[in-house]
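Q: Based on the provided sequences and hints, a complete structural model is requested.
Chains as they are written, first to last, in our numbering: chain A, 1 to 199; chain B, 200 to 321.
Take the hints with a grain of salt, since some may be wrong.
Partial selection, computed: residues in chain B whose CB lies under 7 Å from chain A [to be verified]: (1) Thr202; (2) Pro203; (3) Leu209; (4) Arg213; (5) Leu239.
Simulated from the structure, these hints should not be mistaken for lab results. Each residue gets a CB set at the ideal place from its N, CA and C atoms; glycine is no exception.
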Amino acid sequence: MTPIQSTARIEFAGLVTRRSTLDSKQALDRFLAGVERRAFVMARIATRNADEAMDIVQDAMLRLVQYYGTRDDSEWAPLFHRILQRCIYDWYRRTRVRNRWRHWFTWDEETEADPLENQPDPAAVDPADSSATHQTLTALNAAVGHLPARQQQAFLLRACEGLDVEQTARAMGCSVGSVKTHYSRAVHALRERLKDHWQ
Amino acid sequence: MRTPTEQELLEATRHLLRESERACDELTVARLRAARLRALDAKRSRLLLPSWRTASGFAAAGVVAVLAGTLWFGTPSDLPTPRGSETAIAIADIEMLATTESPEFYTDIEFYDWLATEPDAS
Numbered sequence: 001m002t003p004i005q006s007t008a009r010i011e012f013a014g015l016v017t018r019r020s021t022l023d024s025k026q027a028l029d030r031f032l033a034g035v036e037r038r039a040f041v042m043a044r045i046a047t048r049n050a051d052e053a054m055d056i057v058q059d060a061m062l063r064l065v066q067y068y069g070t071r072d073d074s075e076w077a078p079l080f081h082r083i084l085q086r087c088i089y090d091w092y093r094r095t096r097v098r099n100r101w102r103h104w105f106t107w108d109e110e111t112e113a114d115p116l117e118n119q120p121d122p123a124a125v126d127p128a129d130s131s132a133t134h135q136t137l138t139a140l141n142a143a144v145g146h147l148p149a150r151q152q153q154a155f156l157l158r159a160c161e162g163l164d165v166e167q168t169a170r171a172m173g174c175s176v177g178s179v180k181t182h183y184s185r186a187v188h189a190l191r192e193r194l195k196d197h198w199q
Numbered sequence: 200m201r202t203p204t205e206q207e208l209l210e211a212t213r214h215l216l217r218e219s220e221r222a223c224d225e226l227t228v229a230r231l232r233a234a235r236l237r238a239l240d241a242k243r244s245r246l247l248l249p250s251w252r253t254a255s256g257f258a259a260a261g262v263v264a265v266l267a268g269t270l271w272f273g274t275p276s277d278l279p280t281p282r283g284s285e286t287a288i289a290i291a292d293i294e295m296l297a298t299t300e301s302p303e304f305y306t307d308i309e310f311y312d313w314l315a316t317e318p319d320a321s
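A: What follows is the structure, encoded as structure tokens:
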């Protein structure tokens, strides 16, 4: 092979690499664009705070791109769910620790209650809207928001993403049995809380 | 008023989430887009790494070759043979130098550990 042929071959290989990098970036962009709003809504239900939810989604997107960007695109969805749920769970853990410290240093009656209950819910529907459907959905939104973290995750992954028990277990990083337990408790709690609101 | 069935809960939750997605304001959509672009840009900077990895791999191989040559040809025959422990250390050093794993590999392991750890049940 002459030096010119060799150089041309190297340049061609470089072009192919750049092309595949570009394709991969576009594919990732499409995938993330397709899931980002849903991820944000799920994180906002969990945190009841739009800024926290935004941070969680950004973190999850960054981790997916960094660690799994080169994987086959069919693997992205389950991996993204897994990372997102892990980020949400980490947020719960940090919040719990933070609240414990706050409780320790500022002892008052209000800290006995769940501090998240006092935060405004950005997803809440206007209470002035008196339609029955909206009332039911508002109650549902609040009820899902008050589920314990793992129950909420199991319920939302099955309800919204349509994941089966095994897929939910992979996304949550726990056993199938745990998912069944969390999901069953979530449904039971929601039915109890909503029986006075369901039309 | 009545108790909803499981199916009704699932359908209503799906409806609620679809509505919430649609109701995302322009600012939120713009922030999500910016977050996505930031993540993708981070990927671009990471993709530059393989060329550095290749270069460091060649460098490590060169160092190993030099070291191996020094050990093989440079040890005077009249000196006593290194004891077992010293030989083991020398071999371990060579293995460390010969490894093609980048330092990022070890950082990545922390991430995979984090992802694999089963969160506490709540």
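Q: Output the numbers, in ascending order, of every earlier hint that fails for this structure.
A: none
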